[in-house]
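Student: Please model the complete structure; the sequences and the hints are all you need to start from.
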Amino acid sequence: MEDVLTEIPPPSRFFKEDLNNFTPPSPPLPSPFLLFSSLDKPLRSSLLIIAISSPSLSVFHHVATKTLIGTLILPEIPLSGNSIEPSVRDKSCNIYALNDVYNSVLLVSVQYSVSAERSHAIAKLLIGEQIIPERVLIMDSVQSRNFRGKLSPDETFAFKLETSSERKEHSDGSSSSPLLKGLDYFPSGSMVDGLAAALLSQCQMRNIKGTLCVSWPEFGGSGVSLVKSIIKEVLPSLEFSVNSDGEDEYSKLDQIKDHPFDSELYT
Amino acid sequence: MEFIVEEGKHLNNDCSTLVLPALSIGNVGQLAVDLLISSTRAERIGYLDDPYVLPCVGNDAYGPIPRGEVALPLEAYDSSLNKLTLVQQRSPVLKGMMVEFAKNLAYFAADSGKKHVIVLSSLDFGQWQRIDMSSGSQIYYISSANMDGADDDCEKLGWKKLHEYNPAQRRWKYLSTLAAGNAMQEDGLAFEDELEDEEDYYPSLPFAALLSCFKAKGLKVTCLLCYCSEGDNIPDAFNLADAACKLLELSPQNFHGDQGGNWAIPFSWKTVYGPPPDMSLF
Numbered sequence: 001m002e003d004v005l006t007e008i009p010p011p012s013r014f015f016k017e018d019l020n021n022f023t024p025p026s027p028p029l030p031s032p033f034l035l036f037s038s039l040d041k042p043l044r045s046s047l048l049i050i051a052i053s054s055p056s057l058s059v060f061h062h063v064a065t066k067t068l069i070g071t072l073i074l075p076e077i078p079l080s081g082n083s084i085e086p087s088v089r090d091k092s093c094n095i096y097a098l099n100d101v102y103n104s105v106l107l108v109s110v111q112y113s114v115s116a117e118r119s120h121a122i123a124k125l126l127i128g129e130q131i132i133p134e135r136v137l138i139m140d141s142v143q144s145r146n147f148r149g150k151l152s153p154d155e156t157f158a159f160k161l162e163t164s165s166e167r168k169e170h171s172d173g174s175s176s177s178p179l180l181k182g183l184d185y186f187p188s189g190s191m192v193d194g195l196a197a198a199l200l201s202q203c204q205m206r207n208i209k210g211t212l213c214v215s216w217p218e219f220g221g222s223g224v225s226l227v228k229s230i231i232k233e234v235l236p237s238l239e240f241s242v243n244s245d246g247e248d249e250y251s252k253l254d255q256i257k258d259h260p261f262d263s264e265l266y267t
Numbered sequence: 268m269e270f271i272v273e274e275g276k277h278l279n280n281d282c283s284t285l286v287l288p289a290l291s292i293g294n295v296g297q298l299a300v301d302l303l304i305s306s307t308r309a310e311r312i313g314y315l316d317d318p319y320v321l322p323c324v325g326n327d328a329y330g331p332i333p334r335g336e337v338a339l340p341l342e343a344y345d346s347s348l349n350k351l352t353l354v355q356q357r358s359p360v361l362k363g364m365m366v367e368f369a370k371n372l373a374y375f376a377a378d379s380g381k382k383h384v385i386v387l388s389s390l391d392f393g394q395w396q397r398i399d400m401s402s403g404s405q406i407y408y409i410s411s412a413n414m415d416g417a418d419d420d421c422e423k424l425g426w427k428k429l430h431e432y433n434p435a436q437r438r439w440k441y442l443s444t445l446a447a448g449n450a451m452q453e454d455g456l457a458f459e460d461e462l463e464d465e466e467d468y469y470p471s472l473p474f475a476a477l478l479s480c481f482k483a484k485g486l487k488v489t490c491l492l493c494y495c496s497e498g499d500n501i502p503d504a505f506n507l508a509d510a511a512c513k514l515l516e517l518s519p520q521n522f523h524g525d526q527g528g529n530w531a532i533p534f535s536w537k538t539v540y541g542p543p544p545d546m547s548l549f
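Chains A and B, in that order, give the protein sequences. Position one of the first sequence corresponds to residue 1 (this note's numbering), numbered consecutively onward. Position one of the second sequence corresponds to residue 268 (this note's numbering), numbered consecutively onward.
Think of the hints as simulated: they come from the structure by calculation, not from any bench. Honestly, I wouldn't trust all of these hints.
Claimed, not checked - Simulated pairs of lysine-lysine, DSS-like, Cα-Cα distance not exceeding 27 angstroms: (1) B:K362 <-> A:K124; (2) A:K16 <-> B:K440; (3) A:K91 <-> B:K362; (4) A:K150 <-> B:K381; (5) B:K276 <-> A:K124; (6) B:K482 <-> B:K513; (7) B:K482 <-> A:K16; (8) B:K537 <-> B:K484; (9) A:K16 <-> B:K428; (10) A:K16 <-> B:K362; (11) B:K537 <-> B:K381; (12) A:K168 <-> B:K482.
Tutor: Given below as structure tokens:
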């Protein structure tokens, strides 16, 4: 055991390996890839929604009119334990077509944790190559480790970040409105990392209208209700299944992605 | 790495000097570049899309009132008035990919016609071998102007060449080989079995990878270094940014801020060390 009095403490903002040119790299992993039921590629849509946070996954799970059209395979994520019919407990990243009256909407439900190291590759897969959206909406949670304001478990709120082309769409003099109305911009000084950040970055760099919505709290019925109200503003004609009361259903699935009883040993 | 020009903007060929941070203790290089971008009112001209930089996004870092302009992890800014390009890096590099990342940056710098690169970095006070009581704010440097790293221009400014820089040392030589593309990083695994000595610290740092890779592309490079401990590193950032200005012959008096010397504090610095304390406790 290290002697806390005499050992040099590690830097707290970096891991030692972050500041060492000679750290060996991690073993390379096979590339992620997309599988689609349809041969018509690239897929075009007026809106691509990517649900990452547990509340958003719960909300979209209860959308009545969606059709499974594809999936994203991340080779290091085992498929054992997944069910034949899509389930909220699956470790999967399924792609659905939402049957919306006015728009062609694609939904990606990211039901496994994506490491920061893999986020760039996945974001490039989902945006701009095989899927070409006019507009993108990413739903994630406020990350407490990266947020510089106060986070109370009793509070419910959401912020947004928009790409330049999305902001230009509804700038002064334009008749268009933002995709998400009534949400403040994410406070400066705080950050979002991981897959959501990689996706919004790709939108910004490819000049795609993109919006990232981060909500709080990360789990719980109040978060689900907030996300549901945000989605209903974006897609008012979207239908939810009966008994889609997020408060009751969600209380049985506290954390969709990192369920404490998930284990590769038990399938 | 792909350089993507922001819509309506272009690379200014007159901006022949590039300033960028190296990841280092206390994030001092990054804080110094923040200060320079904010104070020179440099304009964002594009992004660098690199698979080796971890993703992150945030709201406009500079203000004075954030307008919802999304900030990305690796961005390029131009200050045409000062003939200067600045690259800001906001997140770490993938484990083990620092040299590859440095090579990508060197390609970008060479392809975009840069002549001089200034790398800003801090060094850990815990590794300070030669106690110099003259001043805690002493600036050290390593330059590509001469083989031994010395540079008359830097000496005239009262800076000291980093005494521990020894290009013949095994790890510096290995870095040069990697930068030139003459070895794979796996070849260096032999180092793992050897005991580290004091001389191994400096070439292991990210600034050393940048120095080696920029040199390999034939660019003039000056690394500006200062010792610090981790804590409130804003004074260290001012020290390093001021040193960069001296080398660039820029006067902070001509900047647009309202701080002493007309520095402009980036808006994002208001919460750089976390939110204010919860006063309801008292």
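Student: If a hint holds in the structure, say so; if it doesn't, say that too.
Tutor: Status of the hints after comparison with the structure:
Note on K362 (chain B) and K124 (chain A): the hinted pairing holds, with a Cα-Cα distance of about 20 angstroms set against a maximum of 27 angstroms. Taking the CA atoms of K16 (chain A) and K440 (chain B), the gap is about 22 angstroms. The hint holds against a cut of 27 angstroms. Proximity of K91 (chain A) to K362 (chain B) is assessed by CA-CA distance (about 26 angstroms); at most 27 angstroms being required, the pair is judged to hold. A distance of roughly 43 angstroms separates the Cα atoms of K150 (chain A) and K381 (chain B); the hinted pair therefore is violated under the 27 angstroms criterion.
Using a Cα cut-off of 27 angstroms, the hinted pair K276 (chain B) and K124 (chain A) holds, with the two alpha carbons roughly 24 angstroms apart. Annotation: proposed proximity of K482 (chain B) to K513 (chain B) holds, straight-line Cα distance about 22 angstroms (limit 27 angstroms). Of the pairs offered as hints, the one joining K482 (chain B) and K16 (chain A) holds, with about 25 angstroms between alpha carbons and a cut-off of 27 angstroms not exceeded. Between K537 (chain B) and K484 (chain B) the CA atoms are separated by roughly 39 angstroms; this puts the pair beyond 27 angstroms, and the hint is violated.
The suggested pairing of K16 (chain A) with K428 (chain B) holds, with an alpha-carbon distance near 25 angstroms, which does not exceed 27 angstroms. The hinted pair formed by K16 (chain A) and K362 (chain B) meets the criterion: a straight-line CA distance of about 10 angstroms does not exceed 27 angstroms. As the CA atoms of K537 (chain B) and K381 (chain B) are separated by approximately 33 angstroms, the hinted pair breaks the 27 angstroms bound. For the hint linking K168 (chain A) to K482 (chain B), the alpha-carbon distance of about 41 angstroms lies beyond 27 angstroms, and the restraint is violated.
In the structure shown, a violation is registered for the earlier hints numbered 4, 8, 11, 12, in ascending order.
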